[in-house]
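> For the protein sequence lines, the chains are P and D, in the order given.
So the first sequence is numbered by our numbering: it starts at 366 and just counts up by one.
So the second sequence is numbered by our numbering: it starts at 3 and just counts up by one.
Honestly, the hints are just simulated from the structure, not real lab data.
Each hint should be verified, as a subset may be incorrect.
Just a few of them, taken from the derived set where beta-carbon distance is under 10 Å, the chain P residues facing chain D [said to hold, decoys possible]:
| id | residue |
| --- | --- |
| 1 | M374 |
| 2 | G377 |
| 3 | L386 |
| 4 | L389 |
| 5 | G405 |
| 6 | A419 |
| 7 | S420 |
| 8 | V442 |
| 9 | P460 |
Glycine included, C-beta positions come from ideal geometry on N, C-alpha and C.
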Amino acid sequence: MTVVAVLAMLFGCAFCLLAALGLLRFPDIFTRAHAASMAGLAGVGLILAGVALASSDPDVAAAVIVGIGFMALTGPVATHLLVRAALKTGTPAAPSTNIEK
Amino acid sequence: MIELTTDIAFAALGLGLLLVLVRIIRGPTLADRILALDLLTTLGAGIIGVFAIRSGEYLFVDVAVALVVISFVSTAAFARYLLSRSEK
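Just chain P, with the same shape it has in the complex (with noise of 0.2 Å):
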């Protein structure tokens, strides 16, 4: 069990740290977008389960689940938001972004 949570809490923490580079080198707030709504779900969300692993308590595990969930129901809707805002607000997008109309 504890070497599935080190590994759980490893790989999470891989996810984070890959999200926050993306954050920082990709050219435009719609590529960004997608690199760091990733970090909630993949990144926290294996850092949490990796808790509940090497807790081993039940109340931990229920905690973690609703966490869990409710990352999963809000994070994409609270990217999308955003993106659309920049989007409608004009934000401009790489200089690279091939748009078809």
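Since the structure of chain P is provided, determine the placement of chain D on it from the hints.
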């Protein structure tokens, strides 16, 4: 084994926070900063989760879940602000 893992996790998440901070400072648009703030609170929830293991106080998991909830509300409010600001 758990100790080493939490050390690595703290280092990785802390480095992530620094990278996000650079994006908040550099911008260049308001939407970028809002997105970076969203990721900042998400990474904060992750750090609280790791700290729950390290300290043995599993009540902190509830704090992490609450932070995720607040992060959604704040991002939605910022998105509405972004829309309403352009109408003026």
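> State the violated hints by number, sorted upward, taking the hints as numbered earlier in the document.
9
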